[in-house]
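S.K.: So you can see what is in the structure, the chains are spelled out below.
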Amino acid sequence: MDAKIETRKLSFFYGRNQVLKSISMKIRPDQITAFIGPSGCGKSTFLRVLNRMNDVIPTARLEGEVLLDGANIYGPNVDVVEVRKKVGMVFQQPNPFPKTIFENVAFGPRVLGMAGKVSLDEVVERSLRSAALWDEVKDQLNKSGLALSGGQQQRLCIARALATEPEALLMDEPCSALDPQSTLKIEELMQQLKQKYTIVIVTHNMQQAARVSDWTGFLLLGELVEYGRTGEVFSRPQDKRTEDYITGRFG
Amino acid sequence: MSARTTQKLATACVWGAGAVTVAILLTIVIFVLVRGAGDISWSFLTTPPAGGTSGEGGISTVIVSTLYLIGLTVVILVPLGVGAAVYMAEYAKDNRVTRLIRYGTEVLAGVPSIVFGLFGFALFVTALHFRFSILSGALTLVCLLLPTLIRTSEEAIRAVPRSYREAALALGATKWQSIWRIIVPAALSGIVTGIILCIGRAIGETACLYVTLGGSAAMPDSLFSPARTLSLHVFTLATETKAFGAAMATAVILIIMIVLINALTNWLSQRFAARMVGGA
Numbered sequence: 226m227d228a229k230i231e232t233r234k235l236s237f238f239y240g241r242n243q244v245l246k247s248i249s250m251k252i253r254p255d256q257i258t259a260f261i262g263p264s265g266c267g268k269s270t271f272l273r274v275l276n277r278m279n280d281v282i283p284t285a286r287l288e289g290e291v292l293l294d295g296a297n298i299y300g301p302n303v304d305v306v307e308v309r310k311k312v313g314m315v316f317q318q319p320n321p322f323p324k325t326i327f328e329n330v331a332f333g334p335r336v337l338g339m340a341g342k343v344s345l346d347e348v349v350e351r352s353l354r355s356a357a358l359w360d361e362v363k364d365q366l367n368k369s370g371l372a373l374s375g376g377q378q379q380r381l382c383i384a385r386a387l388a389t390e391p392e393a394l395l396m397d398e399p400c401s402a403l404d405p406q407s408t409l410k411i412e413e414l415m416q417q418l419k420q421k422y423t424i425v426i427v428t429h430n431m432q433q434a435a436r437v438s439d440w441t442g443f444l445l446l447g448e449l450v451e452y453g454r455t456g457e458v459f460s461r462p463q464d465k466r467t468e469d470y471i472t473g474r475f476g
Numbered sequence: 057m058s059a060r061t062t063q064k065l066a067t068a069c070v071w072g073a074g075a076v077t078v079a080i081l082l083t084i085v086i087f088v089l090v091r092g093a094g095d096i097s098w099s100f101l102t103t104p105p106a107g108g109t110s111g112e113g114g115i116s117t118v119i120v121s122t123l124y125l126i127g128l129t130v131v132i133l134v135p136l137g138v139g140a141a142v143y144m145a146e147y148a149k150d151n152r153v154t155r156l157i158r159y160g161t162e163v164l165a166g167v168p169s170i171v172f173g174l175f176g177f178a179l180f181v182t183a184l185h186f187r188f189s190i191l192s193g194a195l196t197l198v199c200l201l202l203p204t205l206i207r208t209s210e211e212a213i214r215a216v217p218r219s220y221r222e223a224a225l226a227l228g229a230t231k232w233q234s235i236w237r238i239i240v241p242a243a244l245s246g247i248v249t250g251i252i253l254c255i256g257r258a259i260g261e262t263a264c265l266y267v268t269l270g271g272s273a274a275m276p277d278s279l280f281s282p283a284r285t286l287s288l289h290v291f292t293l294a295t296e297t298k299a300f301g302a303a304m305a306t307a308v309i310l311i312i313m314i315v316l317i318n319a320l321t322n323w324l325s326q327r328f329a330a331r332m333v334g335g336a
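Chains A and B supply the protein sequences, listed in that same order. In my numbering, each residue's number is its place in the first sequence (first place is 1) plus 225. In my numbering, each residue's number is its place in the second sequence (first place is 1) plus 56.
Incorrect hints may appear among the rest.
Below, computed lysine-lysine pairings styled on DSS-like, alpha-carbon distance capped at 30 angstroms [unchecked claim]: (1) A/K342 to B/K231; (2) A/K310 to B/K149; (3) A/K311 to B/K231.
Label-pair restraints from in silico Cβ distances [said to hold, decoys possible]: (4) B/G74 to A/Q432: 50 to 56 angstroms; (5) B/G139 to A/Q406: 45 to 51 angstroms; (6) A/G300 to B/G260: 55 to 61 angstroms.
No lab work stands behind these hints, which were simulated from the structure alone. Backbone N, C-alpha and C define an ideal beta-carbon position, used for all residues, glycine too.
Could you put together the complete structure from these sequences and hints?
M.R.: Structure below.
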């Protein structure tokens, strides 16, 4: 079984506080892997470890390995920009820049110096099409990204992440700030995107995990309690704690 | 007292405070306009002051000197101030040293300008041999205004949402790229407000320029020329001559110039913001 992303004995600390406890797991390519768990279980931290977004936190410390295509992204001589180019991220709150729609999508290619090698117009159109936003905004690319609705803003953020041509996409509760209709759109979009990208999603919403994901991991207090095919985890959980959580006894 | 009465009373008080403020402002401006407007003519604007204690002549060289001085001050002040603000907000660790720097800028912002004037006189005019000159005046103004600009810019930069920084980093931007392309443009309107405040203060400043600029009414021809700004000219006319009308007329031009420079700065920043944001 080949893995796109693999963690080996991954532990993570904020100061003396251990938030991830020796997690070893494999994330398959071109599938959607969801992480569920109550608030504070470490699922967002886990996600942010996968593209080194926690690097900026001064007291953070990591043990173990995170392998992307078999290479440790925390190894020496690893270029963090290269990691983030390959592993894109979409956040909980839609956060377009206060720039035009075009400039939002073009930002990644510009800072990565891709602008000279590819046509920005093409990259922007392709990314917006992939994010199912092109038809709604193609006549107003010079409008501010902030002028869009919440759901459109989140798809703009997805387009912005896709513009750097990543291989994996991390989504940190991407629908928690959206209405049901926009949520549905994003979930449909994820089904299309998984054909080209490895998608890892963190969600508070168990129904969403059950609906969209192929694999589900259940995190509790920094521990990966259970990990398996989504159908199995939800119908025949192996661990008592998983069962308690998905049947709503806590969380 | 019933809640309704309290509400009415509070509204009346707040309304009254606003009305009094506006009334005072209007009185000053109208007083200056009425007393000064009569003495403004084309020749007043285009001839140099006669000098001495006569109070005759116009203010042409004074207008040029003011623009020259303000321009030079802004050119030195803005990169230094915004750069320091970026450092304080984005790079400096929160420790004893940075807290001391921050406390220092707060104290400096409250120091009377004549103290900066004496410092500028000792350092630029005397020790560095820049003499009484536009350069000495501008450098002294920069020292005077830096704390204000650093504080306002730092606050504007800190107010930029963290989510912008995270998004930029996640897209592979370096720290500098996210600062230069996202954070500073997003903080621009706040930074520009700080710059306008500084320009306003620079135009109105007399004390620290009195001891660094020299006060010559001749047309400046280099950075090392001594000069006289509009507010210094008002001061000179009011204290050394009997030309009160000319002093008022100069004050009118001073007010107009402040309004124009503010409008220009606002317009420039809005144009820049529009280019950044697109027609929102």
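S.K.: Does each hint hold? Answer for all of them.
M.R.: Checked hints:
no., hint, in the structure
1, A/K342 to B/K231, "holds, 23 angstroms"
2, A/K310 to B/K149, "holds, 28 angstroms"
3, A/K311 to B/K231, "holds, 18 angstroms"
4, B/G74 to A/Q432: 50 to 56 angstroms, "holds, 54 angstroms"
5, B/G139 to A/Q406: 45 to 51 angstroms, "holds, 46 angstroms"
6, A/G300 to B/G260: 55 to 61 angstroms, "holds, 59 angstroms"
When each numbered hint is compared with the structure, no violation occurs for any of them.
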